[in-house]
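Enquirer: Sequence:
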Amino acid sequence: MNISNGVNKNLVLFLIFIFIFLSLVILFFLKVKTNIFDQQSNKKGQSIFIIKINNINLEVEVAETFKEKAQGLSGRERILDNQGMLFVFKTPGRYPFWMKGMKFPIDIIWLDKDLKIVEINKEVQPESFPELLRPSTPIQYVLEVKNGWVDEYSVKQGDQCSLINY
Numbered sequence: 001m002n003i004s005n006g007v008n009k010n011l012v013l014f015l016i017f018i019f020i021f022l023s024l025v026i027l028f029f030l031k032v033k034t035n036i037f038d039q040q041s042n043k044k045g046q047s048i049f050i051i052k053i054n055n056i057n058l059e060v061e062v063a064e065t066f067k068e069k070a071q072g073l074s075g076r077e078r079i080l081d082n083q084g085m086l087f088v089f090k091t092p093g094r095y096p097f098w099m100k101g102m103k104f105p106i107d108i109i110w111l112d113k114d115l116k117i118v119e120i121n122k123e124v125q126p127e128s129f130p131e132l133l134r135p136s137t138p139i140q141y142v143l144e145v146k147n148g149w150v151d152e153y154s155v156k157q158g159d160q161c162s163l164i165n166y
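Going by this note's numbering, the sequence shown opens with residue 1, and the numbers climb by one from there.
Calculated from the structure, these hints are not laboratory results. Please note that a few of the clues may not be correct.
Said to hold, decoys possible - Simulated pairs of lysine-lysine, DSS-like, Cα-Cα distance not exceeding 27 Å:
| id | residue 1 | residue 2 |
| --- | --- | --- |
| 1 | 116 | 9 |
| 2 | 156 | 122 |
| 3 | 9 | 103 |
| 4 | 100 | 146 |
| 5 | 146 | 113 |
| 6 | 122 | 69 |
| 7 | 122 | 52 |
| 8 | 146 | 103 |
| 9 | 52 | 116 |
| 10 | 9 | 69 |
| 11 | 113 | 100 |
| 12 | 100 | 9 |
| 13 | 103 | 67 |
| 14 | 67 | 9 |
| 15 | 100 | 90 |
| 16 | 156 | 113 |
| 17 | 146 | 156 |
| 18 | 52 | 67 |
| 19 | 146 | 116 |
| 20 | 100 | 69 |
| 21 | 113 | 69 |
| 22 | 116 | 67 |
| 23 | 52 | 69 |
| 24 | 113 | 90 |
| 25 | 122 | 100 |
| 26 | 90 | 122 |
| 27 | 9 | 52 |
| 28 | 90 | 9 |
| 29 | 67 | 122 |
| 30 | 9 | 122 |
| 31 | 52 | 156 |
| 32 | 156 | 69 |
Said to hold, decoys possible - Label pairs and their calculated CB-CB ranges:
| id | residue 1 | residue 2 | range |
| --- | --- | --- | --- |
| 33 | 76 | 18 | 50 to 56 Å |
| 34 | 20 | 116 | 48 to 54 Å |
| 35 | 101 | 148 | 19 to 25 Å |
| 36 | 134 | 154 | 20 to 26 Å |
| 37 | 165 | 128 | 31 to 37 Å |
| 38 | 82 | 134 | 43 to 49 Å |
| 39 | 20 | 103 | 51 to 57 Å |
| 40 | 158 | 75 | 23 to 29 Å |
Predicted, not measured: the structure shown is a model, and the values here were computed from it. Yeah, the Cβ is synthetic: ideal placement off N, Cα and C, and Gly gets one too.
Please model the complete structure; the sequences and the hints are all you need to start from.
Expert: Structural data, given as structure tokens:
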């Protein structure tokens with residue numbers, strides 16, 4: 001019986017050790033995954049991804065929540081050439097946009113559910129507020145970029161976009 005109790009104790013200790021080891025491994029991988037996600041977020045917690053248009057990579061903040069969409073680029077001083085904001089809607093529609101609180105002009109690119117450009121508004125000025133801008137056809141994504149970006153990179157209606165890491 002003593003041998004059996006010794007074996008049982010060793011087996012229990014071994015199983016406890018394995019359980020603790022596996023728990024630590026799982027926690028480590030969860031922490032690594034969280035850090036990777038954090039690296040793809042801006043200061044406000046919005047996700048940052050790459051959208052590719054005409055072989056040009058553009059770093060975009062993704063606005064998915066109502067609050068993120070309402071804020072948009074409002075209040076910022078500027079946006080860099082390689083940056084933009086992508087507004088994501090759950091279903092296609094003719095969603096209105098305005099320039100409330102904007103401090104600089106932008107180009108607005110309207111994308112359908114397949115990320116195909118269906119319409120473009122160039123050089124939209126902050127002074128256009130309270131005018132509402134709407135696409136003529138249903139869209140599911142809106143991309144706001146620096147004023148002049150569309151012309152600089154020859155972006156046009158019908159161009160196909162792709163999201164990387166989304």
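Enquirer: Going back to the hint list, which numbers does this structure go against?
Expert: Going through the list in order, the structure violates hints 1, 3, 10, 12, 14, 27, 28, 30, 38 and 40 and respects the others.
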